[in-house]
Every structure is written in structure tokens, then in C-alpha cells.
Amino acid sequence: MVDFGFGLVPSSRINLDLFDKGKYEELAALEPDVRICMACGSCTAVCTAGKFEPTSLREAIEDIKNARADKALQMLEPCQLCGKCSMVCPRGINTRHLILSINKIYSEK
Amino acid sequence: MKNNILIIGGGPAGLEASAQLQRMGYNVILIERSPKLGGHLAKWDRLFPDRVPADEVLRSLLDATEGVKCFTDTDIRAINRLDKSYNVRLTNGITVLSDAVLVASGFDLFNAVRKEEYGYGIYNQVMTNADLEAYFRTGEDRRIENPRKVGFVHCVGSRDEKAGCRSCSKVCCATAVKQAIEMKQAFPEAEVFCFYMDLRLFGRHYEDLYLEAQKEYGVRFIRGRVAEVSENFDGTLLVKAEDTVASKPLKVTLDLLVLMAGMRPSASGKALGELLGMNVEDDGYFAVRSGIAAGQRSQQPGIFLAGAATGPKTLPETLADARAAAMEVDRYLTEVFPDARNYKQLVKERW
Ligand SMILES: Cc1cc2nc3c(=O)[nH]c(=O)nc-3n(C[C@H](O)[C@H](O)[C@H](O)COP(=O)(O)OP(=O)(O)OC[C@H]3O[C@@H](n4cnc5c(N)ncnc54)[C@H](O)[C@@H]3O)c2cc1C
Ligand code: SF4
Ligand code: SF4
Ligand code: SF4
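First to last, the sequence lines map onto chains A and B. Residue numbering for the first sequence follows our numbering, starting at 38 and increasing by one per position. Residue numbering for the second sequence follows our numbering, starting at 481 and increasing by one per position.
Please note that the accuracy of each hint is not assured.
In silico DSS-like cross-links for lysine-lysine, where the CA-CA straight-line distance does not exceed 27 Å [unchecked claim]:
hint, chain 1, residue 1, chain 2, residue 2
1, A, Lys60, B, Lys523
2, B, Lys695, A, Lys60
3, B, Lys629, A, Lys108
4, A, Lys58, B, Lys650
5, A, Lys108, B, Lys731
6, B, Lys695, B, Lys650
7, B, Lys523, B, Lys650
Worth flagging that the hints you see were computed from the coordinates, not collected in a lab.
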């Protein structure tokens with residue numbers, strides 16, 4: 038191929054038409070609490086892993102809902118399952134359990 | 481002596497104040513410019529936060545007004561301030577001598593056609609909150625036929641300087657969340673999205689409604705104002721916003737878009753205000769005499785205000801305001817009126 042000196046970058050726009058409803062419902066059946074996150078960011082603020090590597094449960098939940106489960110898994114990879122986030126979540130989400138379920142459902146190809 | 485009191489506007493505020501003043505022994509005359517009593521309440525199906533039928537609430541308001549003289553299809557033609565009362569000529573030819581006047585002229589729904597970028601009146605699949613209430617009441621609307629993806633747009637005509645309204649309409653976040661739930665109840669397979677800038681769910685039980693919408697109905701809340709809507713060849717809508725939580729532009733194809741048109745000052749209230757010489761504030765709603773302490777007195781002696789005429793209010797707030805206005809009217813009439821000789825002095829001291 039001819040090198041024009043630039044490449045094409047995939048669009049970073051969120052396209053909700055690509056959202057996989059079936060898979061999300063699978064997750065929600067296992068982990069209904071994924072629905073009630075209100076994106077407050079408390080989990081991300083206290084995250085122990087987040088001090089060293091980008092880690093954010095808030096963002097991971099967003100990513101899943103925005104049809105970017107691949108990014109969600111990346112966001113949760115550094116997680117140590119320390120459980121600090123579950124202590125601060127105002128909705129009382131069992132965050133560690135949720136993180137494990139996200140990995141379980143979305144790692145399956 | 482039974483004083484005459486004229487109440488202008490037969491919505492929830494006017495009805496509730498009529499019932500209260502009637503019970504206190506006053507002679508109440510209620511006028512409503514449209515053919516029907518009930519104001520906006522008569523257009524709603526079920527009410528937030530508990531989703532009680534609007535008709536039930538309206539019926540109990542109407543039942544309590546027994547004995548009140550009601551004129552529908554009636555507006556004010558002219559009004560003169562006499563020494564101690566108002567001489568009011570109605571459009572039905574009747575003249576009323578009234579010792580106090582209560583203005584309960586309510587609000588108008590924002591005309592969503594003016595937000596052209598949302599395509600109301602241009603694209604087939606765009607409707608308003610009021611249209612959706614009408615659908616829930618009648619089960620009929622050509623736009624609704626088993627929708628699979630539905631969006632709700634918050635703050636339409638509110639919090640929008642370009643639409644001429646800086647303020648928040650207060651009722652539309654709760655209405656959007658309520659209607660999103662009702663949509664999921666009607667069409668369980670549908671995906672429902674709410675596009676908001678802030679969720680203003682301030683009232684008692686409102687937050688419960690929000691949690692219910694997320695938890696039981698899986699409504700997706702996206703923080704970002706819908707910026708642009710266009711129509712696809714097949715009649716579906718392409719909606720663009722920024723997901724400001726994710727800091728990314730977002731697009732989604734929907735087959736129904738519901739606009740949360742906000743509350744604006746009533747146009748017929750404005751005309752009435754001009755007849756009565758009443759001031760409005762920058763936001764277009766009537767000014768009350770002195771902020772917090774005298775919330776239901778206008779700047780004109782003997783003229784009182786209640787309900788959405790002084791700014792967006794929920795129904796419970798409207799009713800509480802109407803009861804407070806009734807108390808204020810009663811205080812005014814009993815303090816000032818019996819002593820006709822000192823009337824002017826007393827008004828000066830007490831208003
Ligand atoms: C989409 C939407 C949904 C809502 N849903 C809810 C809900 O679920 N729960 C809740 O608590 N609240 C709800 N509200 C708020 C509720 O509708 C208002 O609080 C209430 O209607 C205000 O009552 P009002 O009497 O002040 O005004 P209105 O209801 O506007 O009534 C005013 C009346 O005065 C009449 N009038 C005006 N000018 C004149 C004149 N010059 N002469 C004679 N008559 C005149 C009008 O014709 C009208 O009948 C909702 C509001 C909106 C916009
Ligand atoms: S459990 Fe994981 S995501 Fe939560 S605070 Fe600990 S490291 Fe962060
Ligand atoms: S703390 Fe809880 S509610 Fe807040 S963003 Fe994290 S998961 Fe969501
Ligand atoms: S109540 Fe909600 S939707 Fe209505 S104007 Fe205020 S913020 Fe916007």
C-alpha cells in the first residue's frame with residue numbers, strides 16, 4: 038500500500054446503535070446493580086489501583102453502556118479487588134462482585 | 481358581611497383557593513377563560529411521583545368547590561379600582577364588585593416548534609410531554625406504534641437563554657422519569673434513554689422514582705443535552721449529543737423522541753396583568769410584593785396571586801400556595817375591610 042504519511046483512526050464517537058443488548062441483559066441478570074450506578078465517581082476517586090494505572094469502575098460501567106465493553110475490560114484490568122470502592126458507593130453496589138461479573142460475561146468470546 | 485372575591489383562572493390553584501374561601505364564608509366568583517375547569521391538570525394522565533390518576537385529583541378539587549359561582553368561557557374585559565373594591569366587567573356581560581381579586585392564571589407549555597433543531601412539527605416521530613400524556617389518556621397517537629427505541633429530551637425551552645428562558649421548569653425531570661417508566665410499562669421491549677443536563681429530582685419520593693426507573697425498568701440516563709436531530713430515510717431519527725460523563729460525542733438511532741417542553745408565563749395571564757397594572761419580573765412571571773414573607777400578595781393592594789402564575793410549581797406546591805393565598809385574602813379582608821372609614825390608612829399600613 039502507498040504510504041500517504043497518515044493513517045485512519047477509528048471514530049471515537051459513541052454509537053449506541055452498536056450496543057449489545059443481549060449481552061448486557063445477561064450481565065444485568067447476574068448483577069442487577071449495574072443498572073443503578075449514577076456515575077458519581079466515588080469508586081474511581083478512592084481506587085487503590087487507580088493511583089498507578091488508569092482504573093475506573095465508573096468508566097467501565099459507562100463503557101459497557103456505550104457499546105465499548107473492550108474498553109471496560111481494559112479499565113478494570115489493574116483492579117486488585119481490594120473492595121475500597123464498595124465502601125464508598127452511595128448506591129450500595131457490591132462493586133467487587135460486579136467487577137468479577139463484568140469480567141466473566143464480557144471476557145467470553 | 482359576606483365579601484365578594486373574584487378568582488381568575490380555573491386551574492388547580494384557582495379551584496383550591498375557591499374551595500377554601502368559600503368554606504370561610506366568602507362569596508366566591510371563579511372565572512375560567514377556556515370551556516372547561518381544571519387547567520393543565522385536566523390534560524395529564526397520571527401524576528408524578530406516585531402516578532395517581534390526574535382525573536381523581538381533579539374530581540376531588542371540583543367536588544370541593546360546590547357553591548362557588550363558576551363562569552367558564554369567561555375572561556376579564558375591564559377592571560376599575562374604586563375606593564375600596566374593584567369593579568370588574570366580564571366578557572360574558574356580567575359586572576362584579578369585588579373586594580379582593582386572586583389571580584391564578586397559571587402557565588403555558590413552551591411551544592416546542594421554536595426549538596427547530598429538535599424537529600417538532602417537522603419530523604413525524606417527535607412529540608412533546610403533553611402529547612404523550614394525551615396518548616396515555618386516549619391510547620391513540622399515530623406516532624406510537626410499538627416503539628423499540630425511545631428518547632426523552634430534558635430542558636426543552638428551559639435553561640436556554642436562546643429560547644428566552646434562563647430558569648428551570650422544575651416539573652419536567654420528574655415528568656420525564658415518570659413517562660420513561662410508563663413507556664417501559666407499555667412497551668417492555670423498548671430501550672429508553674433520558675438526555676439530561678442535571679437531574680433535578682428535588683421532591684419527596686422523586687429520587688425513588690429515579691432509582692425505580694434505573695433498577696426496575698433499565699432506563700438509560702445520559703448526561704448531555706441533545707444538540708441535533710435529523711430524520712433518516714426510513715423515518716427513524718438520528719440523535720446527537722455529547723455524553724459529558726464519558727467526554728465523547730454520541731449518536732443513536734431512535735424511533736420516537738419525546739421533548740420535555742417546559743413552563744412559560746401564561747400569555748392570557750400577561751394580558752390580564754396589563755389590565756390590572758401588575759408587574760412581572762425578568763422571567764415573565766408576576767412579581768410578588770416582597771419576596772419570601774408575602775409570597776401571595778401582588779404589588780397592587782387587594783390583588784393576590786397563587787399557583788404557577790408566580791413561577792413553575794408542582795401540583796402539591798400549587799395547592800399549598802393556593803391555601804396560603806386564601807389565608808392571606810382572609811387576613812386582608814378581616815383586618816382592613818370592616819373599618820371602611822380608615823380603609824385607606826389601614827391598607828397603607830398593612831399591605
Ligand atoms: C408536562 C407537565 C406535567 C406535569 N405533571 C405533573 C405531575 O405529574 N405532578 C405534579 O405535581 N405536577 C405536575 N405538573 C405541574 C402542574 O401541571 C401545575 O402545578 C399546575 O397545573 C399549576 O396549576 P395552576 O392553576 O397554577 O395553573 P394552570 O393549570 O395553568 O391553570 C390556569 C388556568 O387559568 C386559566 N386562565 C389563564 N388566564 C386567564 C384569564 N385571563 N381569565 C380566565 N382564566 C384564565 C387557564 O385557562 C387555566 O385553566 C406538570 C406540568 C407539566 C408542564
Ligand atoms: S476493588 Fe478494584 S476498582 Fe475497587 S477500589 Fe479496589 S482496586 Fe479499585
Ligand atoms: S461509586 Fe457506585 S454509583 Fe458511584 S460511580 Fe462508582 S459504582 Fe457508580
Ligand atoms: S426540571 Fe429538569 S428537565 Fe425541567 S428544566 Fe429543570 S432540569 Fe430541565
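Which hints from the list above does the structure break, by number from lowest to highest? 1, 4
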